[in-house]
Amino acid sequence: DAGVIQSPRHEVTEMGQEVTLRCKPISGHDYLFWYRQTMMRGLELLIYFNNNVPIDDSGMPEDRFSAKMPNASFSTLKIQPSEPRDSAVYFCASSTGGGQYGELFFGSGTQLSVL
Amino acid sequence: QKEVEQDPGPLSVPEGAIVSLNCTYSNSAFQYFMWYRQYSRKGPELLMYTYSSGNKEDGRFTAQVDKSSKYISLFIRDSQPSDSATYLCALNSNSGYALNFGKGTSLLVTP
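Chains as they are written, first to last, in our numbering: chain A, 13 to 127; chain B, 36 to 146.
Because the hints were derived from the structure by calculation, they are not lab data. The structure presented is a predicted model; accordingly, all values stated were derived computationally and were not measured. We put the beta carbon where it would ideally sit given N, CA and C, even for glycine. Hints are not guaranteed to be accurate.
Unchecked claim - These stretches of chain A come out as covered by chain B in the derived footprint (C-beta under 8 Å, 3 or more residues):
# : stretch
1 : 51-57
2 : 60-69
Said to hold, decoys possible - Straight-line Cα separation of at most 20 Å, EDC-like style, residue types lysine to aspartate or glutamate; simulated pairs:
#  : chain 1 : residue 1 : chain 2 : residue 2
3  : B       : K91       : A       : E115
4  : A       : K80       : A       : D42
5  : B       : K91       : B       : D113
6  : B       : K77       : A       : E23
7  : A       : K36       : A       : E23
8  : B       : K91       : B       : D118
9  : B       : K91       : B       : D101
10 : A       : K90       : A       : E74
11 : A       : K90       : A       : D68
12 : B       : K37       : A       : E56
13 : A       : K80       : A       : D69
14 : A       : K80       : A       : E30
15 : A       : K36       : B       : E80
16 : B       : K102      : B       : D42
17 : A       : K90       : A       : E26
18 : B       : K77       : A       : E115
19 : B       : K77       : A       : E56
20 : B       : K102      : B       : E92
Said to hold, decoys possible - Calculated Cβ distances over 12 Å to all of chain B for the following chain A residues:
#  : residue
21 : G28
22 : Q29
23 : K80
24 : V126
With the sequences and hints as input, model every part of the structure.
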């Protein structure tokens, strides 16, 4: 398996534009997580899905952020409109059995810069 | 206060040194303790996993958990330049499905 695949690797956009980040989890994994990483705040959980259903979105910073998982092999994180403070590395991770037993498999991340 | 505290470093050591990385936490419900390693421009990957208290050894790496002090440690023996990375602790409780990560400690091992 190729692991968790995220696209794009880098995204540079202007304030106010819509940004869509994409993730393909590892086949057979039933949990999918979206994290955001910054120097100031570290890794923050934004939302996670179990069997394509959103379970906890309490980490989504505001209504500008939305996430979907239309099927077991694809998820998107959308920011509309984007703001400079959204600049961060966004990671998608997948696992079997959730994070409770330890191993999350992370993608290589999307480096987002909002100018 | 964040639930998990970790000194960000950076920590610089010479090759062959013993490295000690630490995290403290405040939630006594945490039962699962993990260390992730993150290389530059990559996602974190699981390095060590421990349930409840005690020690666990894997090659040059040893993870320790002291629940009475709410303190966890990762020791690296005979450190190598390839160990240069950011090390993140991650904790979870019986009822949670999302890991609580520390901010990570940046380690540089110089030849």
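Status of the hints after comparison with the structure:
1. 51-57: holds (count 4)
2. 60-69: The restraint on the stretch 60-69 of chain A holds, since 4 of its residues have a Cβ under 8 Å from chain B and three suffice.
3. B:K91 to A:E115: Holds, because 16 Å separates the two Cα atoms, which is no more than 20 Å.
4. A:K80 to A:D42: 14 Å, holds
5. B:K91 to B:D113: 17 Å, holds
6. B:K77 to A:E23: 16 Å, holds
7. A:K36 to A:E23: Holds. K36 of chain A to E23 of chain A sits at ~17 Å (cutoff 20 Å).
8. B:K91 to B:D118: 19 Å, holds
9. B:K91 to B:D101: 12 Å, holds
10. A:K90 to A:E74: Holds, at about 12 Å.
11. A:K90 to A:D68: Roughly 16 Å between the alpha carbons, so the hint for K90 of chain A and D68 of chain A holds.
12. B:K37 to A:E56: 12 Å, holds
13. A:K80 to A:D69: Given pair K80 of chain A, D69 of chain A holds - Cα atoms ~11 Å apart, limit 20 Å.
14. A:K80 to A:E30: 15 Å, holds
15. A:K36 to B:E80: 17 Å, holds
16. B:K102 to B:D42: 19 Å, holds
17. A:K90 to A:E26: 15 Å, holds
18. B:K77 to A:E115: 16 Å, holds
19. B:K77 to A:E56: The given pair, whose Cα atoms are some 16 Å apart, holds under the 20 Å limit.
20. B:K102 to B:E92: 18 Å, holds
21. G28: Correct as stated: the minimum Cβ-Cβ distance to chain B is 28 Å, above 12 Å.
22. Q29: 24 Å, holds
23. K80: 18 Å, holds
24. V126: Label holds. Min Cβ-Cβ 19 Å, cutoff 12 Å.
Hint violations for this structure: none, all hints satisfied.
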